[in-house]
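Just so you know, the sequences run in chain order A and B.
So for the first sequence, this note's numbering puts the first residue at 1; every next one is plus one.
So for the second sequence, this note's numbering puts the first residue at 437; every next one is plus one.
Derived from the structure by calculation, the hints contain no laboratory data.
There is no bait here: all hints are sound.
Among the chain A residues that face chain B by a calculated CB cut under 7 Å, a handful are:
#1 Glu411
#2 Glu412
#3 Leu413
#4 Trp414
#5 Ile415
#6 Glu421
#7 Ala426
#8 Thr427
#9 Asn429
#10 Arg435
Each residue gets a CB set at the ideal place from its N, CA and C atoms; glycine is no exception.
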Amino acid sequence: MTKLTATRRQFFGLAAGGAAATALAAPGDARAQTATKARIVIIGAGAGGTALANRLVARLDGAEITLIDPRVDHLYQPGLSLVAAGLKPADYVVSKTTDWLPDGVTLIAEAAAEIDPEAKTVTTSGGQNVAYDFLVVAPGLVLDHDAIEGFSLDMVGQNGIGALYAGPEYAAKTWQAAQAFSETGGMGLFTRPETEMKCAGAPLKHTFLIEDITRSAGMRSKAEFHYAAPQGALFGVPIVAEKVRMLFAERGIGTSMQHRLTGIDAGARRATFAGPDGTTEMDYDYIHIIPPQRAPEVIRQSGLSWADKWTDQGWVECDKTSLRHLRYDTIWALGDVAGVPKGKTAASVKWQVPVVEDGLIAAIEGREPTETYNGYTSCPMITRVGRAMLIEFDYNNDLTPSFPGLIAPLEELWISWLMKEVALKATYNAMLRGRA
Amino acid sequence: MEEMTFGTIVAVFEEIFGRGLFWIMVALAAIVTLGYVYVLIRDHSISWRKFLLAQLSMPIGAIAAVWFVLGMTSSSLGDLGGPVDVVVFLGIAAAGAVGIAILVYTIQSLVRPKQ
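Here chain A stands alone, though its shape is the one from the complex (with noise of 0.2 Å):
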């Protein structure tokens, strides 16, 4: 029998060997970079955009990317909900626009001011023309805090009035508001606004959060919660809409639907609803209020909205498993601004941008796409500080989880919180680098 002896020097050269070769293969985008001259112009260096950018630089060889986009600070928007729960600092969820871009792509830090689809070319806030041939309108969409009448941003943290939507330092002053109703009791309120909205279930987050707080802080008895909301579900897909039922009744939430938030009185703390019957007050403690959300003025008026859908919010009409606009077909919407039933959320973004990538090299390389998008939404939806819901649902409003068997999605399981915690902010920004 041959025995095994090796000097320490060659244990460890050997180990240091295999250790290397192992790097070497690791395995990398293995398909080949298409050569093109195709100037590409994507309005907007967010989740998507920046994605986007990443990927197709990959993907392309001479390609033009120009992105348009007047953000200096990058934000890690599904990280508003800690923020405004105070278990995360503001700086959390803010980083900077251009750590995220690649080398050989050019951003011009201005706004989109006028889109010519027949000219194909995109005019900015500094009177820059510049011309593509192909498009991706990806800007976000903007919070229309103007339409609650009696509110204001400048509001927000004093006498009771949260809105974590509105960014970093509003989510955390949020949080002033909403730790002082934990300590002191008193009725809450949880609105969410009637139009197409990003994540649709930080709302419910918000709520289960401020009520377990409340709870831990010893005043649940002293306190009173509510969600009015102007949908006549509490969740878009049934099944959740009816789990979350139970848990808001297991949690003494109490709800008034069909409700629509339409103006508060900050000084008597009253809020004003549209609904069923007219109009109804509500007294308030704490008011967490999100605004109507619209896809940017540009978009709308440069004609790349839907005519008959939406036609109050202006989302982009395109197809939704290509994401391809309908009429103009050098352009593709992805993220908030799309025109589909489902996926205002960064993991839609994250299941979109391959979908948009593949339509345009495919346009590119004069061959039909194969990617699709099926409407995949994910939503940790939290319902206390430390578990969470891990629920991933479709188009069809199917769930579609992503580990059937092992986590269950209408399981309240702290390992979907730990999900929460460790994992999405690093796999958004595996994504956003082009890597996830």
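Using the hints, position chain B against chain A.
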């Protein structure tokens, strides 16, 4: 998740810890594992005396791992909500226990080779 490839998982871990720290941790884990294999091959046998101390350190490793994860994720034992949570919890404890046992055994063998 759409594509759960090895590259994606590496990318996610790089983002969790930062690229530098992640690879330093991978290298440290690899060095300790290699050290362990090295002393096993060198000594041609397991030293049960050293293994005893390694075993005694296991609960410390288990508790430290659990404490670290709970602390980092603002959660508590009461948050365990289903069978999969218990499995993950035990997995974290087991990883901590095995990790520290290998570390303790390897350090003893390298520091005091002959007993």
